[in-house]
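Asks: Here is how the chains run, residue by residue.
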Amino acid sequence: MNGASHLLSYLANYFPVLVFIGVAFAFGAGTLVISHFLQPKLPDPEKLSAYECGSEPFSDARMPFPVRYYIIAMLFVIFDIEILFLYPWAIAFDKIGVIGMVEMLIFIALFVVGYVYAWKKGALEWD
Amino acid sequence: MATLSFFYFGSVIVLCALLVVIFRNPVYSVISLLVMFFHIAGLFVTLHAEFLAAVQLIVYAGAILVLYLFVVMILNLQQDDSYQRQVKWGLGLGLLALAEVIAIISKAALPDEPAQSKTAAAAAGEAATVVGNTEMVGKALYTTYLFPFEVASLILLVAMIGAIIMAKKGIMEPGPLRESK
Amino acid sequence: MDMLVFAGASVAKIAVVMVTVLITVAILTLAERKVLSWMQDRMGPMEVGPYGILQPIADGIKLFFKEDIIPAGANWVLFSLAPIISLIPAFIGFAVVPYGPNIEYELYGVTIKPFIISDINIGILYVLAFASIGAYGVILGGWASNNKYSLLGGLRAAAQVISYELNVGLAIIGVLILAGSLSLVTIAEKQAGGFWHWNLIGGLQIIGFVVYVISSVAETNRLPFDLPEADSELVAGWMTEYSGMRFAFFFMAEYANMILVSCIASVLFLGGYHAPYPGTLLPGILGYFEGVAWFTVKVYFFLFLFFWIRATLPRLRYDQLMRFGWKVMLPLALANIVITAIVVYVLR
Chain C
16 MNGASHLLSY
26 LANYFPVLVF
36 IGVAFAFGAG
46 TLVISHFLQP
56 KLPDPEKLSA
66 YECGSEPFSD
76 ARMPFPVRYY
86 IIAMLFVIFD
96 IEILFLYPWA
106 IAFDKIGVIG
116 MVEMLIFIAL
126 FVVGYVYAWK
136 KGALEWD
Chain R
787 MATLSFFYFG
797 SVIVLCALLV
807 VIFRNPVYSV
817 ISLLVMFFHI
827 AGLFVTLHAE
837 FLAAVQLIVY
847 AGAILVLYLF
857 VVMILNLQQD
867 DSYQRQVKWG
877 LGLGLLALAE
887 VIAIISKAAL
897 PDEPAQSKTA
907 AAAAGEAATV
917 VGNTEMVGKA
927 LYTTYLFPFE
937 VASLILLVAM
947 IGAIIMAKKG
957 IMEPGPLRES
967 K
Chain Z
20 MDMLVFAGAS
30 VAKIAVVMVT
40 VLITVAILTL
50 AERKVLSWMQ
60 DRMGPMEVGP
70 YGILQPIADG
80 IKLFFKEDII
90 PAGANWVLFS
100 LAPIISLIPA
110 FIGFAVVPYG
120 PNIEYELYGV
130 TIKPFIISDI
140 NIGILYVLAF
150 ASIGAYGVIL
160 GGWASNNKYS
170 LLGGLRAAAQ
180 VISYELNVGL
190 AIIGVLILAG
200 SLSLVTIAEK
210 QAGGFWHWNL
220 IGGLQIIGFV
230 VYVISSVAET
240 NRLPFDLPEA
250 DSELVAGWMT
260 EYSGMRFAFF
270 FMAEYANMIL
280 VSCIASVLFL
290 GGYHAPYPGT
300 LLPGILGYFE
310 GVAWFTVKVY
320 FFLFLFFWIR
330 ATLPRLRYDQ
340 LMRFGWKVML
350 PLALANIVIT
360 AIVVYVLR
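Residue numbers (this note's numbering), protein chains in the order written: chain C, 16 to 142; chain R, 787 to 967; chain Z, 20 to 367.
Be careful, since some hints might not be right.
Beyond 10 Å from chain Z on every Cβ pair, some chain C residues (computed) [what the hints assert, rightly or not]:
hint	residue
1	56
2	125
3	128
4	132
Taking lysine to aspartate or glutamate and the EDC-like style, the derived pairs with C-alpha atoms no more than 20 Å apart in a straight line are [unchecked claim]:
hint	chain 1	residue 1	chain 2	residue 2
5	R	954	Z	208
6	Z	132	Z	66
7	R	925	C	118
8	C	110	R	936
9	Z	346	C	118
Residues of chain R placed beyond 10 Å of chain Z at every Cβ, according to the derived structure [said to hold, decoys possible]:
hint	residue
10	828
11	843
12	848
13	878
It should be emphasised that the hints constitute simulated quantities derived from the structure, not laboratory data.
Virtual Cβ for every residue (Gly too), placed ideally from N, Cα, C.
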């Protein structure tokens, strides 16, 4: 096979993905729009007020929330990046031999060090 | 075709990047950034860097942007104009960056042998489609760039410890953000 | 001309898959209520049609014509955007799933693969990437509603989804080592020749499988991990203020996600479209459809598992959920990678 046909088959694989994204978007937006024109519109202040189990809504709903969520998100970012390093390693597993193996064991060991540190420092606790 | 898709992705990226700065509501900025990340991933796909495209989405759109969203919600910025006052600094830094970009482009725009470099790129792209971009990344990363990879893993460890130490202040010291039990 | 045939075939396949997914979602809404009812010695929906089989249609029509309330304090742009952001990632993951054998068929001189929409090299990463986008719909919906329950539900959901996403990402690496490819088509092809070649049994990915299934249940916010919408404390979580079609979108996204993770689980661990015995029983073209039938059986097995788990297990507390994800699932998944890597290295 020559380069041009490779390129074509490569892009041909992405074409249906693109169409699928378009179809899914069109389905979502289209259904919302059609339903918008078919449904009744009877707003009244009680209906539009925030639902708080019957009592009058009080204070701003967008309150600040615990930093703990932020810590989880931060740990997630770092762990996610570490995991992404594992994918090319898993794919090239047969080709990189013992060096790749040892290297990844070191990497995972460092990963575990960080994980144990987070555990010991209580970053994974949720009290 | 390739040029057309490049200009499409490029213009959307620039537009979204501008919108990120222009929107007053930080949540809109985050959405705009999300659209931008998707188009960057699209650009990577057209350049045969499939793995990078996936990484772009998983790390930036799936992880870092979620962190941004959390920060936006933790701080609950309804109308914060303090950043608007830094326009002078921003302009200065922006011009500096622009000058740098122009300098790099003007250097890169005159390659020694344009024809040869083009075929090299095409060959690399062809090789990537045959064995798969991810496998090539894996082989390069775990043989040729062995040392930088281990350094990167150390940096990640440092980042994790640093994040925990900085965040611990927020957990240990009872402040307004602490959840009441 | 070639391009047109190719595009037409792609659009036709996509239409079939979309319609199948939507019908399956409809079936699931009824199946879930029926299965739960039978497990609890009840009858379930009985009113619409014989044995209530038309219930999903009635539900769909009702939701379609219901008033879509936007609360007064809500940000209507984000409020409308959030259900769509939830729904799209749940649908487009289906683009890379192999539904049947990787056969090629000539149509007007163009090679068409009837059971595969697209075979991209990064198949599984594509699915993971879009699964992580689903969290935005939930968190934005919760924030835009301007309701305390919604915000709490949205935040919980986001933290839960990202925590368990890590475990999903780690759990599949063992399979990737065995397959040497990220393409779901290749992963399925490598498991041909009987159930002892499936990754779950032949590849000894039992830990990976268990971690994947549990984490998928958590990632789709299903019981016992449905903390984000915990009805007893948060009314309906991030969906509290949603009604009509926008609510239906969140609902559809949840079920479509269930179907998607079931498809991925059967491809990764149970051999995808391969029968538990070598080859196929039926000859020729019928054999291909036998593969599709096996795939369907496996997917429905996982979907039944979702209902079964829901009927059996009580809801966890949020701290238990996070502890379970970070302190039990994550080390297990990591251990699975190390063990798989060493065993595979020694054996090869």
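Asks: Next step is simple, just say for each hint if it's right about the structure.
Replies: A quick look at each hint next to the structure:
Its beta-carbon lying about 7 Å from the closest one in chain Z, residue 56/C breaks the requirement of being farther than 10 Å from that chain. The beta carbon of residue 125/C is kept farther than 10 Å from every beta carbon of chain Z, the shortest such distance being approximately 12 Å. Remark: the non-interface label on residue 128/C is consistent with the geometry, its nearest Cβ contact in chain Z lying 12 Å away (cut-off 10 Å). The beta carbon of residue 132/C is kept farther than 10 Å from every beta carbon of chain Z, the shortest such distance being approximately 13 Å.
For the hint linking residue 954/R to residue 208/Z, the alpha-carbon distance of about 48 Å lies beyond 20 Å, and the restraint is violated. Simply put, residue 132/Z and residue 66/Z have alpha-carbon atoms about 43 Å apart, too far for the 20 Å limit, and the pair is violated. With a CA separation close to 12 Å, the supplied pair residue 925/R and residue 118/C stays within the 20 Å bound. Among the hinted pairs, residue 110/C with residue 936/R is consistent with the structure: their alpha-carbon atoms are about 19 Å apart, no more than 20 Å.
Between the alpha carbons of residue 346/Z and residue 118/C the distance comes to roughly 25 Å, so the proposed pair goes past 20 Å and is violated. Consistency note on residue 828/R: stated as away from chain Z, and its beta-carbon is indeed over 10 Å from all of that chain's, at 12 Å minimum. Chain Z draws residue 843/R into its interface by the beta-carbon criterion, the shortest separation being 4 Å against a cut-off of 10 Å. The claim that residue 848/R is not at the interface with chain Z is violated, since a C-beta of that chain comes within 10 Å of its own (minimum 3 Å).
With a least beta-carbon separation of about 34 Å from chain Z, residue 878/R lies farther than 10 Å from that chain, consistent with its non-interface assignment.
The structure fails hints 1, 5, 6, 9, 11 and 12 (numbered hints given earlier, in ascending order).
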